[in-house]
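K.L.:
Letter by letter, the chains look like this.
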Amino acid sequence: MVLEILDIKKSFGEREVLHGISFAVSSGRAMGFLGRNGAGKSTTIRCLMDVFRPDSGRFLLDSVPFQPRKMKIGYLPEERGMYQKNEVLAQLVYFARLRGANQTDALKSANHWVDYFQLGDYKRKKLETLSKGNQQKIQIAQAFLNEPDILILDEPFSGLDPVNAQVFKDAIKSFVKEGRLVIFSSHQMGYVEEVCDDVTLIHEGRILLSGDLSDIKLEEGRSKLFLSLLDEGDSSLPEIMHRAFPGILITPAHGGFILDTQGEDRQGDLLKWLSAQDLVIRRFGLYEPSLTDIFISKVGEQA
Amino acid sequence: MKDFRTVFLYELKTQLTKRSAIVTTVVIMVILLAVSSIPRLISLFDASGQPSVSGGPSSVSAGAIPDAGFVIGDHELQGLLAPVLGEVVSRPYASRDEMVRALKDKQIKVGFVINKDLSWEAVYQDRSMADSSDAALGGILSRVKRERMLLDLGLTLENFSAIETAQAEGTVTVMGRSGMENYFVSFAMMLAVYMMVLLYGNGVSSVIAREKDSRTMEILITSTRPSSLILGKVAASGAAAVIMFGALVLAGLAGFQLNKATYPPMVLGMFSSSLTPGFIWTYVFFSLFGFILYLFLFAALGSTVSKMEDLSSATALVQFLFIAAYLLATLSAQMPDSTLAVIGSVIPFTSVMVMPLRGAMTTVPWGQLILSGLLMLLTVAFFAFLSIKIYRWGSLNYGNKTKLSRIVREALRRA
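One line per chain: the protein sequences are R and H, in this order. Each residue of the first sequence is one higher than the last, beginning at 920 in this note's numbering. Each residue of the second sequence is one higher than the last, beginning at 252 in this note's numbering.
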């Protein structure tokens, strides 16, 4: 199953907020949808869920128009909300039934996910009586109802403590393992890096990059080396090294230096030179950027 | 259809299990049972041996003026008043001063000085707002005075009674509707519609506004079609109202059946002449569809607000419209054939109450009934469509208040 987002444009009044964005997501993979506040993540998701109608562009699922209400989709909106004055289990069953389950399956699924998120004692309680964190878990549980084929989550980690975040990550990983398609937007790069196979980065309504996270890291780290010394206080090294290797860009980062060889294969020369400098090397090797590095680097370029 | 059923059942269950709704319904049922039992209670009271007005025109219970003392002009007058005012006048006070002392000692609540010519003075220590002892005595003495005058003219008490009760015999034939007899029942039924529309109209707008306020709406509209949601909610509110109204009608009917034997014939006549099949059909049709029409209006307006606190101002327009319909209906009850009443009974927003009331008061031409019925059905269909569009519009729009005209324009443009 491949979900394609093709050239989506969306304006509010005179202001265009999505400028023809395109990317694709495959089943059996989780995709992290990243961007700064106001970049267009929630608008894209709302267009995908048919909450907003895009001005142009298409959503295709396996090359046919995507119709969210005809699919088994779990959706967690950015703006959370459920019936505060109704019982937890009753409203989860209601949502499951609206998404096509019969009464028996709806009840079974609601019970399963409430238990999964360790909220079994609150099934008959009104939602408003639960703590904020537990309400958040119930809202996440509603997205998992009916074991959807596609899971679309807008900022799912906000408000979750590390223990609950781990429970949630496990649920996502198990969904992906079962060959389902997962998209979630987040600001929390650590979680995305941990859970996602693919990432898409959106900035001011334009896609800056999209693809396999490992490939992106490899690409972003290409021709870059990382050097870390035991004596971190040696601030003269960049200058000395630059004199020896004028073509290499040296940037301090992560307690060491990123050495950009500008596409040239200088690893051997550098190693020889470093050995001759009588320096105690803690680490020297290929540089693999973190998602945060890539995000800051890409968004920074655009700023 | 399946989703409509799911929404309908969920909303209906939510409404019917609300503690406030159950308590209100039970309390009103008890009140209805009590009110319908009033004639029986009165008859029980009458049968309990309490003295009451009886006998000829001059016979009045002494109990009509309890705790009273008298100073009476002479023995002859005392004898004349004894059958009218009872034993108490056989023990009059010797003087006004003695009676005043008894008043101050609180032996009596009111004292009367009755002179030979039947002029009188009432003396109170304190007089409560509701005390009408002096008016009662005034009435009795006036009657005695009239009798005395009649006797002076040579007429007997029997002559007087015959003259006083003589009536010209006549019969009344109403070929159409009798407004006098039908007014009470039809007005009571109109009040029931008034309460249902305001109670459940505000209820449905609150449900939708709360969904929007709590952001539940986004989950709902991504799970099913807006039409299933709005139609299910309106149908559930309508059904909840019908169930509650049905429970009240049942309580009223049970009370009526249990106490029918004690009802005055006039009351029974009012029910039998009002509740004709024609009136019931007109009432059910216009009340039901008018009620649904207002539910759609309230539902649509509920979806235009972002916060609960804005709801009352958003629904004010439709509340004013409905109150205007109520006022027009009361006016139409007085003048059921006036141009205003005819127009009011054709326009769907007002015909909900005006047409049933007109139907009870006068014979409404078939043409007007059919025209009004068709307009009602078309308007309900149009506002059902519009409320779905406005609901969908509302699900996308949060924040600043928007003019209703613009909302309608934008909602229809997206259609």
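The set of hints was computed from the structure by calculation and includes no laboratory data. You may find that some hints are simply not true.
[What the hints assert, rightly or not] With a Cα cut of at most 27 Å, we get these calculated BS3-like pairs of lysine-lysine: (1) 264/H with 558/H; (2) 1004/R with 269/H; (3) 1136/R with 991/R; (4) 264/H with 1045/R; (5) 1027/R with 264/H; (6) 253/H with 269/H; (7) 1044/R with 1096/R; (8) 1045/R with 367/H; (9) 1136/R with 1088/R; (10) 511/H with 558/H; (11) 1004/R with 1045/R; (12) 1042/R with 253/H; (13) 1092/R with 1136/R; (14) 253/H with 1004/R; (15) 269/H with 1042/R; (16) 1143/R with 1088/R; (17) 1004/R with 360/H; (18) 991/R with 253/H; (19) 360/H with 1044/R; (20) 1027/R with 1004/R; (21) 264/H with 1044/R; (22) 269/H with 1027/R; (23) 253/H with 1027/R; (24) 367/H with 396/H; (25) 396/H with 1044/R; (26) 1027/R with 928/R.
As the structure is a prediction and not an experimental result, all values here were calculated from the model.
K.L.:
Sort out which numbered hints this structure fails and list those numbers smallest first.
P.N.:
3, 7, 8, 10, 16, 17, 19, 25 and 26
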